[in-house]
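Enquirer: Going down the list, the sequences are from chains A, B, C, D, E and F.
Okay, so the first sequence: first residue is 14 according to the working numbering, each after it adds one.
Okay, so the second sequence: first residue is 14 according to the working numbering, each after it adds one.
Okay, so the third sequence: first residue is 14 according to the working numbering, each after it adds one.
Okay, so the fourth sequence: first residue is 14 according to the working numbering, each after it adds one.
Okay, so the fifth sequence: first residue is 14 according to the working numbering, each after it adds one.
Okay, so the sixth sequence: first residue is 14 according to the working numbering, each after it adds one.
Any given hint could turn out to be false.
[As the list claims (entries may be wrong)] Below, simulated DSS-like cross-link-like pairs (lysine-lysine); rule was C-alpha separation at most 25 Å, straight line:
(1) A:K27 / A:K220
(2) C:K258 / D:K258
(3) F:K258 / E:K27
(4) F:K216 / E:K258
(5) E:K258 / E:K27
(6) B:K258 / A:K27
(7) C:K27 / D:K258
(8) A:K258 / B:K27
(9) F:K216 / F:K27
(10) E:K258 / F:K27
(11) C:K258 / D:K216
(12) B:K216 / A:K258
Since the hints were derived computationally from the structure, they do not count as laboratory data.
There are 6 protein chains.
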Amino acid sequence: MRANPIRQIWAEGKWVLNAWCAIPSPFAAEVMANLGWDSVTVDMQHGVNDYQSAVGMFQAISTTRAAPMARVPWNDPAIVMKMLDAGAYGLICPLVNSAEEAERFAKACRYPPRGYRSSGPIRALIYGGADYFDHADDTIVTFAMIETTDALANLDGILAVEEIDAVYIGPSDLSLSLGCKPGLDRTEPVVVDAIETILAAAKRHGKRAGIQCNDTGYARRMIESGFDLVTVMSDQRLLAAAGNKVVADMREGGA
Amino acid sequence: MRANPIRQIWAEGKWVLNAWCAIPSPFAAEVMANLGWDSVTVDMQHGVNDYQSAVGMFQAISTTRAAPMARVPWNDPAIVMKMLDAGAYGLICPLVNSAEEAERFAKACRYPPRGYRSSGPIRALIYGGADYFDHADDTIVTFAMIETTDALANLDGILAVEEIDAVYIGPSDLSLSLGCKPGLDRTEPVVVDAIETILAAAKRHGKRAGIQCNDTGYARRMIESGFDLVTVMSDQRLLAAAGNKVVADMREGGA
Amino acid sequence: MRANPIRQIWAEGKWVLNAWCAIPSPFAAEVMANLGWDSVTVDMQHGVNDYQSAVGMFQAISTTRAAPMARVPWNDPAIVMKMLDAGAYGLICPLVNSAEEAERFAKACRYPPRGYRSSGPIRALIYGGADYFDHADDTIVTFAMIETTDALANLDGILAVEEIDAVYIGPSDLSLSLGCKPGLDRTEPVVVDAIETILAAAKRHGKRAGIQCNDTGYARRMIESGFDLVTVMSDQRLLAAAGNKVVADMREGGA
Amino acid sequence: MRANPIRQIWAEGKWVLNAWCAIPSPFAAEVMANLGWDSVTVDMQHGVNDYQSAVGMFQAISTTRAAPMARVPWNDPAIVMKMLDAGAYGLICPLVNSAEEAERFAKACRYPPRGYRSSGPIRALIYGGADYFDHADDTIVTFAMIETTDALANLDGILAVEEIDAVYIGPSDLSLSLGCKPGLDRTEPVVVDAIETILAAAKRHGKRAGIQCNDTGYARRMIESGFDLVTVMSDQRLLAAAGNKVVADMREGGA
Amino acid sequence: MRANPIRQIWAEGKWVLNAWCAIPSPFAAEVMANLGWDSVTVDMQHGVNDYQSAVGMFQAISTTRAAPMARVPWNDPAIVMKMLDAGAYGLICPLVNSAEEAERFAKACRYPPRGYRSSGPIRALIYGGADYFDHADDTIVTFAMIETTDALANLDGILAVEEIDAVYIGPSDLSLSLGCKPGLDRTEPVVVDAIETILAAAKRHGKRAGIQCNDTGYARRMIESGFDLVTVMSDQRLLAAAGNKVVADMREGGA
Amino acid sequence: MRANPIRQIWAEGKWVLNAWCAIPSPFAAEVMANLGWDSVTVDMQHGVNDYQSAVGMFQAISTTRAAPMARVPWNDPAIVMKMLDAGAYGLICPLVNSAEEAERFAKACRYPPRGYRSSGPIRALIYGGADYFDHADDTIVTFAMIETTDALANLDGILAVEEIDAVYIGPSDLSLSLGCKPGLDRTEPVVVDAIETILAAAKRHGKRAGIQCNDTGYARRMIESGFDLVTVMSDQRLLAAAGNKVVADMREGGA
């Protein structure tokens, strides 16, 4: 089976630089996937994606060495399994608030006897290789999003779920849940504390940790503090920010 | 009929800041169209667009005040007329190399007796308004691309075609045709001379002039030299450049 | 944040005329949205729509002043939140049969602390404006469909859910549930009674009420009886009825 | 090979009632195709259709007995042949202004030795049957649109082209070309005269004649005057007219 | 209402030959549907299909006499009802592991009072006919997949659910659940025993039984042993196997 | 620039095994591209493909080492250039009947000064690499289809066009043009003679030759006779043939 770059990088003691795709376009995904990220995540929750756009984007990502990932829209085994069958090498599940929810998600990612994933890896077999079934359970990475006070309360229970490989912090929802403003790169002490708590807990349980960032400076600090994966910006944010800058430059300079 | 912002801006003695969309996604187009450009052009020649993606993008652009434009893939009345019926307020036609070709393009954009456009402005009627037929010929802007030595040789003939409103310079093809490298923001004297020649000819004929640029500094110089419309970058270039920068920042800073 | 026409109309003591789109086509939606309805609903339950067609249709609707709404296919927070992120200003949820189900739906439409909506309003931010987060909870309208005997039995409980803004009557399911034939514009006393009961309960709780109608006469009577929103026909019904009439006229007149 | 209802109806001395589809949706086409029209035409010129939407619409039309037709966007053998391969039983070609143009169109619809159609009827073979090649040339109906003063001047030459089976009048372009307003159901004497001239010429050459109409009364008069096929309204016009009426009824009655 | 070929064949004491479509393409489905299968199933679980591709494929299947079926991605009434409204004459539900789950699925397929299906059969009314509501409950066939040890343990309970018409065996998941390798056409005694147990139980309860097969020899044996419906291969497997053979033949013969 | 497998294989004195894709589905193309063909051609002429489906299919093909090719629908520089910009490494142009037509096609595939291709290789730059412009003209392979008596008459003129790299025989059209039946694997002496004439002429001019075949035996004979590339079957033919066989096996064995 084709190796998972994410696991390879982690095995080398390094961190993973993850791209985020919200634009439902295989071409945009191909542009992104060719920029040198280690993994590329199709966001099916807040991104403008559904199953069909995600499959096209996975094909585009598969023209590169980057690992294809998806954030599923919900903790629903139907879409979890469909994305795995489509060839996902990593899945991020939003709003995992309890050990039971963590089991529901993570076991949907593993074949019996480790889980309850249904057999039929149609595109995964093409992407992963003929021995996909033998190695899938150890290759695919499962990320549980920790982004509510409920999840914080149940942190150890969630991390004790064996098939959960990593946590992923959604700072915007987490901040909101803690009574702060939504948004990335939070600096409110209560949010910063929560992030540190989650990271420490993950490490304590021998699990990996990832986080969504906006600014490269903030992302580098997260890596320095021990995060194993950072997402920086998204295709839509990159496009809007870069376009905004051009328009501002032109309006200033040329009026 | 809804007024054309391009003509309004020109009437005020100002220049038009044009966006360029190569990604075939109505959502990406909507992101772009909301950034403050005066017009947004769907590139159907080198962009990854066809008629159906362009219509979706026109709908997205129509949620804003920016003028919807298209660069058609070829000087072909079939697609020229389809884009006008879809609501284009400006069309850029590639490779207009002679007065005859200029007539073929520009008259396809005008109803009889001024041209030979066929009647049936299905979406244009919704976008433009019930009196579309009465004003379309005076509202829509026709740009002939001048990008070869043949076009340079026939410049006055092209500019003498009444229904041609403006020229648009494709510096990459023009440079190639003049024996230089392809690319934007050319500085080779022969290309610079050609650009100045085209601009001067357009002004002499009372026509407008636009040009494709990459860098805001170059674009501002073009405006200062008299251009009436500048395109700066494209959605795909903005995305790739911004993404590249993030990856480079992270690789440098975090390794 | 862009105001919600539905709330504005209600604040003026008037009723809302709602369009219904079952055809999965942004162009058909644009045609509909330009006819003067106050709001346009993309039907994702019985209509031939999914998330991707709905987004394209929202873009088309957003070229007009009509409020973009959706009937979600099911009381599922995944699609509820995706439609809100796509810019819905109103959501109609089918088959809300208990207070618990009403909470599940309505709280998915509100950010913490009022609900559990996840943060990431990707297109909603573009459509609604930069201050979307501050006003979304008070702008978006939540409609719970009352269409079964269970719902009738739990009517007060459902209406007591604070984040439910309105009820919406699906006469076809309601009729079926009451042992009558499916279909709109019901006149069976038991169905008429149920409709009156629902309307009265809504008013008693200070909530709004909407209903699906087929005939304009019936719809006007509903308004006279106190309904705040009426849907009349759907794009598919309008097309079929109008086409049927042409065919009948021609067969009669020309045979 | 499956018979062509159009030819069967004509053989019985009757007229064909043709539907017109401008909305790019297989579902909308299926709704239309089930209303009892004899043939259903996908409009690829002024309709919002391209090849891919047309194929899906042909599949939807093929669930009924109505003959699948297309108006191609231009007199271009590439799309003419693609639509035939997709299963078109009739093609309407816009703007046929000379005998030479008529030959270009009609011979693209016939296999050698009668024409120059390329062999590869991929979907047509499924729709038409295994003996498609043997009967296609005699089954498919070719309509040349007569809609300009040039075409009027060359009417006999066009009609003398053997593989042209019929003319089709586009009253809007014809009216425009004759110096009148665009639109259907023209009553200006100069346009009425032109319509009568075209009809008489077709009959004189033993060819069929069709015309685009808006109103059933006008359409019936055209049949009475000898037309063999009438198109009445289009899906988009039917939808807009029916929706407009509902909105008007509601605004009047309920305000 | 249009009759269901599946029920007609069974009434004649014969077995149903079912096709399986994993490729999300209406054209591929049309090719398949024209080969002589009795029914054609769009696989939305492991196949690369979602709602929108399935609707297009149903339209393509509806050009033939084969019964349109779908395997839904999950036991979720939202998609179950959407596929019925789209015209499904049979539904296969994966992973039905208890009587409660069987009820959840099967009652979603029946209108009140027999079930809780919501009224709005938009395309089903066109495909099935105007009297669809009166006959749908007795026409549509519901298949519960038996593919886990849990389902085996609850077999009688599942089969006692009145609105379950048939079981469908997924040998790959069943084999995995029983501790064997995944894949079709299993010969391990424990799997063979389980298959026989399921078949016998179905017959005992007066229900029908279907099974997914790969090889025609295996499929024929299943029919001989009493199965009422066999699926053989899938479009993707047929394509890959046939293409593989061509490549192998060419590499051997021509190197 | 990424090397072209077709040129590499030819440089080694070997022949190319080409796949043919008529089904408009990136997933079907990915299945095909993984079977071991040297190149995969998206058929945009008789296949059910347009530009947008072809781009998705190119992305799917690009996940493998097979060279992405397209048969364009017509000798039209617009689509020729769009397919090159999309990353085609080989183009097959139908119906090249004269030296002039050969020039029109082949020069559209080369940048100035060798041709008139317009600069803007949007996806080709991603697929081919940053030095695409420097090597594209020598990497891309141009195939002129010889399939009419006109082409036979002009064979030497066509082959003398420098930028034509190869001929490609369409036996069905060729056979038809020579007064025989359409179809592949022709054995009529007049067609066999024509094929041999074309092959000999190609070799005489130092050009490559390819041919469309149905049967592997016939294809091997073509290779033995000197052809440099053979296409065997197509995805649609493979699917239909394999499906037909399963149905026939089942009907025979199980009735």
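Enquirer: Now tell me, hint by hint, if it's right for this structure.
Expert: A quick look at each hint next to the structure:
Of the pairs offered as hints, the one joining K27 of chain A and K220 of chain A holds, with about 14 Å between alpha carbons and a cut-off of 25 Å not exceeded. Of the pairs offered as hints, the one joining K258 of chain C and K258 of chain D holds, with about 14 Å between alpha carbons and a cut-off of 25 Å not exceeded. Distance check on the hinted pair: K258 of chain F and K27 of chain E sit about 20 Å apart at the alpha-carbon level, within 25 Å; holds. Distance restraint check for K216 of chain F and K258 of chain E: the Cα-Cα separation of roughly 30 Å exceeds the 25 Å cut-off, and the hinted pair is therefore not satisfied.
A hinted pair counts as satisfied when its Cα atoms are at most 25 Å apart, and K258 of chain E with K27 of chain E does not qualify at roughly 33 Å. With a CA separation close to 20 Å, the supplied pair K258 of chain B and K27 of chain A stays within the 25 Å bound. Between the alpha carbons of K27 of chain C and K258 of chain D the distance comes to roughly 20 Å, so the proposed pair stays at or under 25 Å and holds. For the suggested pair K258 of chain A and K27 of chain B, the alpha carbons sit about 20 Å apart, so the restraint of at most 25 Å is met.
Simply put, K216 of chain F and K27 of chain F have alpha-carbon atoms about 15 Å apart, close enough for the 25 Å limit, and the pair holds. With a C-alpha separation of about 20 Å, the suggested pairing of K258 of chain E with K27 of chain F holds against the 25 Å cut-off. Of the pairs offered as hints, the one joining K258 of chain C and K216 of chain D is violated, with about 30 Å between alpha carbons and a cut-off of 25 Å exceeded. For the suggested pair K216 of chain B and K258 of chain A, the alpha carbons sit about 30 Å apart, so the restraint of at most 25 Å is broken.
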